[in-house]
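Peer 1: Each chain is listed here by its residues.
There are 2 protein chains.
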Amino acid sequence: MTLTDFLIGRPLATSEERAEQIGTSAGIPIFGLDALSSAAYGPEAALTLLIPLGLVGSTYILPLSISIIILLIIVFFSYRQTIAAYPGGGGSYTVAHENLGTFPGLLAAAALMIDYVLTAAVGISAGIGALVSAAPSLQSKTLLLCLIALVLLTIANLRGQREAGGIFMFPTYLFLICMFAMIGIGVAKVLLAGGHPSPVIAPPAAPKAIEFVGAWILLKAFASGCTALTGVEAVSNGVKAFREPTVKTAQRTLGIIIAALVVMLAGIAYLVKAYQVVATDPNAPGYDSVLSMLLLAVSGRGAFYYVSIGSILLVLVFSANTAFADFPRVCHVIADDGFLPLSFANRGRRLVYSEGIIVLAVITGILLTIFGGVTDRLIPLYAVGAFLAFTLSQAGMVAHWKREGGAGKFGNMFVNGLGAFVTGTTVLVVLVAKFMDGAWITAVMIPALLSIMYFVRRHYDYVREQVKTSTPLDVSNLRPPLVIIPMPQWSRMAKYSLRMAFEITHEIRVVHVAEEDRAAEFCGLWSHLVLEPAAKAKLPAPELIQINSPYRFVIGPIVDYVIKTANENPGRRIVTIVPELVERKWYAYFLHTQRAALLKTLLLMKGNHRISVLNMPWYLK
Amino acid sequence: MTLTDFLIGRPLATSEERAEQIGTSAGIPIFGLDALSSAAYGPEAALTLLIPLGLVGSTYILPLSISIIILLIIVFFSYRQTIAAYPGGGGSYTVAHENLGTFPGLLAAAALMIDYVLTAAVGISAGIGALVSAAPSLQSKTLLLCLIALVLLTIANLRGQREAGGIFMFPTYLFLICMFAMIGIGVAKVLLAGGHPSPVIAPPAAPKAIEFVGAWILLKAFASGCTALTGVEAVSNGVKAFREPTVKTAQRTLGIIIAALVVMLAGIAYLVKAYQVVATDPNAPGYDSVLSMLLLAVSGRGAFYYVSIGSILLVLVFSANTAFADFPRVCHVIADDGFLPLSFANRGRRLVYSEGIIVLAVITGILLTIFGGVTDRLIPLYAVGAFLAFTLSQAGMVAHWKREGGAGKFGNMFVNGLGAFVTGTTVLVVLVAKFMDGAWITAVMIPALLSIMYFVRRHYDYVREQVKTSTPLDVSNLRPPLVIIPMPQWSRMAKYSLRMAFEITHEIRVVHVAEEDRAAEFCGLWSHLVLEPAAKAKLPAPELIQINSPYRFVIGPIVDYVIKTANENPGRRIVTIVPELVERKWYAYFLHTQRAALLKTLLLMKGNHRISVLNMPWYLK
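One line per chain: the protein sequences are E and F, in this order. Start counting the first sequence at 178; every next residue gets the next number (my numbering). Start counting the second sequence at 178; every next residue gets the next number (my numbering).
With the rest of the complex left out, here is chain E (with noise of 0.2 Å):
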C-alpha cells in the first residue's frame, strides 16, 4: 500500500470532502484549460480552410470571427444558466435528460463521452506533436511520449482535483500571459503604424487564390473554427466541485474563461488581418501554425517566441486535464441513474471517480496507439460529439424556458433555440465535411454506446426484480445442511474440518478421490481415526465415499460428486467444506496448489444456489 500512497496520496474520509473543493482561481484551470487552449487551433483550423483563397482569406477572418464569438456568448449565457438551473451539475447529460426525456440525455451522454475522449487525445498527441517538431530527434518516439503523458496526467487525476489544480495552474496562467502580452504588443504596434504594421519577421507570402469566396467554403471555414468552442461545457458539469457560493463562484469562473477566449480569438483575428497572415498547409514542409507566424510577426524570435511556444505546449498536453476532471463525472451521473456499470458512481480512496479515471485512460490509451498519437488523423473524430451535446443541451433548455415561462421567458428561449440550430448546423457541417476522414467513427461510437447503456440499465432492472422482496424472514422446516468435506488425506487440516462439520450438522459425506493404489491406506486408517471416536461421543457416522479418477484431475470428480449429491436431494442444502492452506508471503502463490481456489470457483459456476462453500483457512506458523 506504501507505493499506492506514494502515487496517489492517502485515502480521504467523506468528511474532508470540503476541503477539495475549489474557488475561482483554480477552477479556471481545472475546467477551462480545454476551452482556452481552443485559441491555439480554432482560428487556425478555419484560416486552414480559406488558404486557397490566397490574400483575400486573411480579409474574412475578421467576420468569421466576430460569428463564432457571437455564437460562444450565446453559448456562455445559455450555459450560465444551465448552472443556475441544475447547481447539481451533470451539464448537456442531465439537461436534456430533465427537459427532453431519457433518450436525447443519453445521445447528449455518449456524445459528451465521446468528445472528453478525444479531448484528451487529441490534447495529448497536439502537445507531443509540438513538443516533437521544436525537437525532431524525437519525432520516432512520438507515441512513447504520448503514453508518458497520458500516464502522469492518470496518477495526477487519481490523486484528487485540488493538487492536479496546483499542477494545471502554472501552464494555464502562462498560456493567459503570453496570448494577452502578443495581442496588446500587436495591437498597440498596428495602431501606431496606422494600420500598416512592419513585422519583425515576416509571415510567408501567401499563394495565388485559385477559388473564389462562396458561401459553402465561408460555412466550413465557420464549422472548423467553431472547434473553438470545444471544452465551453466543462464548468456545467462540474459545478459541484466549487466552493460555496456554488452557483455563483462556477458562473464567475465560466465568465473570465469565456472572456478570455473572446480576448483572444478577437485579438488573434485581428492581428491575422494587419500583419495578413495566410496559414500555411500543414502536410507541407515548411508548415508553421498561425500563431507562431503571428509571434514571430509581433515580436521576432526571441525569448519570448520560446516562452510563448512553450506555453502552448504545455497547454494542450494540459488540456487533456478537463477530461480527466469531466468525463468521470459524467459516467458517474449516468451510472446513477443505472446506465453504467455502478462501479463509476463509487468514490475512490481520494474521493474523485477513481474507475471514470481509469476508464478513460485505458480507452484514451488504445485511441493513441491506434492513430500513432498523430494529432491529425484523430481531429475529424473531434467536435461531432461536443457540438451534439451542445444542441441538445441547449434544446433541452428552451424546452425548460417553455415549462417553467415567467418573465423573459420568449427572450431567454430565443437565445436558447438560435444557440440549438446553430451548434446543431455545425454538427451536421461537420459531419458531411468530415465524414469520411474519421467522422464515421464518431457517428457509429455514439448508437453503440447508447445500446450498451440501455442493456446495462435493462440488466440492472431485471437483477433489481429478482432480488427485491418485502416479505419477512422464513425459518420454517429448518433442518442442518448436507456437509459434504473433500479429503486428500488424514490431517490437522482434515481433522479441523471434520469438527467443524459436527459443529454445524450431523450428516457428513467424505470424499477420497483415489490416486491409484493409495486409497486403501486411507481407508484402512479411517475406522481408527474417525468411526471410533464418533462412535464413541454417540455421534453419527460420516459416510467415506471413494471416487476412483480415471484422469489425473482431482477437483473435477469432487465438483460433479457434489451436484449429483444436491440432485439426489431436492431441497437439501449441501454445505462443501473447502479447508485452504494460507500463507502470508507472496511467493506462496507459487509454491501451493491452487486447488482450493479452483474448486470454490467451479463449485460456484457449476453449482446451484443449494450448493454453498464453508472455506476453513489454515495458517502457516
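Since the list gives no way to pick one copy over another, a pair counts as held whenever it fits inside one copy or between any two copies.
Derived pair list, reagent style BS3-like, types lysine-lysine, alpha-carbon separation capped at 25 Å:
{"id": "1", "residue 1": "K762", "residue 2": "K798"}
{"id": "2", "residue 1": "K645", "residue 2": "K762"}
{"id": "3", "residue 1": "K645", "residue 2": "K672"}
{"id": "4", "residue 1": "K450", "residue 2": "K397"}
{"id": "5", "residue 1": "K450", "residue 2": "K385"}
{"id": "6", "residue 1": "K777", "residue 2": "K672"}
{"id": "7", "residue 1": "K777", "residue 2": "K762"}
{"id": "8", "residue 1": "K741", "residue 2": "K798"}
Bear in mind the hints are in silico, worked out from the structure with no lab data behind them.
Position chain F relative to chain E; hints supplied.
Peer 2: Structure of chain F alone, referenced to chain E:
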C-alpha cells in the same frame, strides 16, 4: 474450452498413456534432434578458433574430430549403461543424486535446466538467424519470428509427444539424408580424384597464418568443438517415454543417434581437409558457414544445395524441441523430490507436464527478448550447463560401479572416469575462455537456482511438519459457531442467508454498515422482517450491529468487526456468511461490484484459523 481443445487436443486419460509411448523411428527426431543438429555448429565452432592458423588449421580438424568422436563414444557407452541402470529415466540428476548425494544431484539438475533453456533459445535463434540471412528483408523481424516459432513449438508440445514426434520427423530425416548424401558423394569424389578433388565451387582462399600451432589454441578448439556433444543426454532422461521393451528401445535409439552423429562429424572433418576449407569470420562480411561451403564444393549451387540448407534451418529451430521434451521431465523429477513447486509434477490434460512446458517457454521468451534473438550473444552462455551435467553424471557412474562391483568393474570405472575428467576439463576451459562473454551468467544462475531448490524443499518440509497428524478425530466440546452476516439491505439473498444461518447455529449477528441516513430505514424494518418471525418460531433473536463508516468503503469495517468478534470470543469458531450474486455470463464481471470476492479475500488474508467464510451463491435466472 473448444479453443483449448482445438489448440492442444482433447484430454487424455491415464489409461491412454501407453499409446502415447514412442518407438525408435519417432524417438530419433524427438530425443536426437538436439544432438544431431550439433553437427551443424560443432565442427564450425572448432574451425572458427583455428582461423588464425590459416590453411594449416584445416589439417588439424581431423585429429580434433577424432578426439571428439572418441569422447562421444565414451559418453555413449556411459549413457548406454545409465539407461540400463536407470530405466525410470531422470538422467544426470538421478545418477548424480543416487551415487554422489543430494547436492551434486541438484547441481546437475540446475546445470541441465539452464542448458535446456539455452538449447531452446539457441535452437530457435540459430534457425531464424539462418532463415533471415537467406531472406534479408526479414532481418528487422528477427525477434518477432523467434517468438512466433517459440509459440508454435509450445503449442505442439502441449498437444503431447507423439504428435510432436510426427511434426519433427520429416525435417530430421531430411537433414540426415542431405548430410549423408553430401558426405557420400564428397568422399566418392575425393577417392576417385586420388585425394585431390576439384571443387564445383571453390571455398574462399585461406587467410595468411598469424599464429603458430600451440597446445592452448588446440585445447580451446577442442572445447568449442565439444558443443557437438550437447544433447546426447536427452535419451537417458526420457527412457520412460519409450515403447516396451523400454531399455532396449532407448538404447537402440541412442546408438543410432550417436552413430549418425559420428558419421557426420567424421565425414565433415574428412571433406574439410580434402577440400581445404577454412572457416570464415562470422562477424565479418562475406561470412559463409562451413556446411554451406562444403555443400557448394561438393555439389554446386543447385536444388540439392537449397534443400540441404533448408533442412539445416528446420533442424536448428526444431532442435529446440528436445528442450521441450526434457526440461519438463527434469522439473517433474525434481518436483517429485520436493525441490521444485509440486505443480511441476502434475500431468496436464494431454499427459504432458504442462507447467514445465509453459515455464520453459516463458523463460526462453525472456532470454530471446533480452538478447534480441541473436545466436552469437547466447552462445557463450551455452555448453557450461551441459558439460557440468555430463561430468556429474559420469562421476556418479564411477561411484555406481565402485559400489555395485561385478565383472568389468574397473574397466567401467575407467571409461566413466575418463569421460568425467575430459568433460570436467571442458567445463573449466569453456568457463575460462568465455567467462566475460556471458558464461558468468550461467555461473551465477546455477547457484541461484540451487538456492531456490533448497528453499522450496525447506518450505515443503516445514508445511508437512505443520499439517501432519496421526491422532484421531476430536469431537469433545462441540459448539455451534457464531455466525456473522453482512446485510446492506433486505433482499432475497439476505433472507436466504439468514435462514441458512438458523440451520447451522442459534447465535447470529447481522452487520449493517450504514451509508449516511439509510441506516434508520433498515433498522425500522428489522423488527417486522426478522424479530417477529424468529420470536414466533421460538428462535433466539439475531443481533443487529450497526456500523457507521466515515469512508466510502463498506468492506473494511466488516472485516474489522469479524476480527474483533473473533478476538472477543476466544476458542469460538466464527462463520461469516458472504452472499454472492452469480451470473454465468462473461460480462457479469463488469456489471457487478466485486465486493463479495474482496470480502472473502480480505478475511482469508487478515483472519485466523477460527474465522471461516460460508459463501452463499445467488444465481440470476
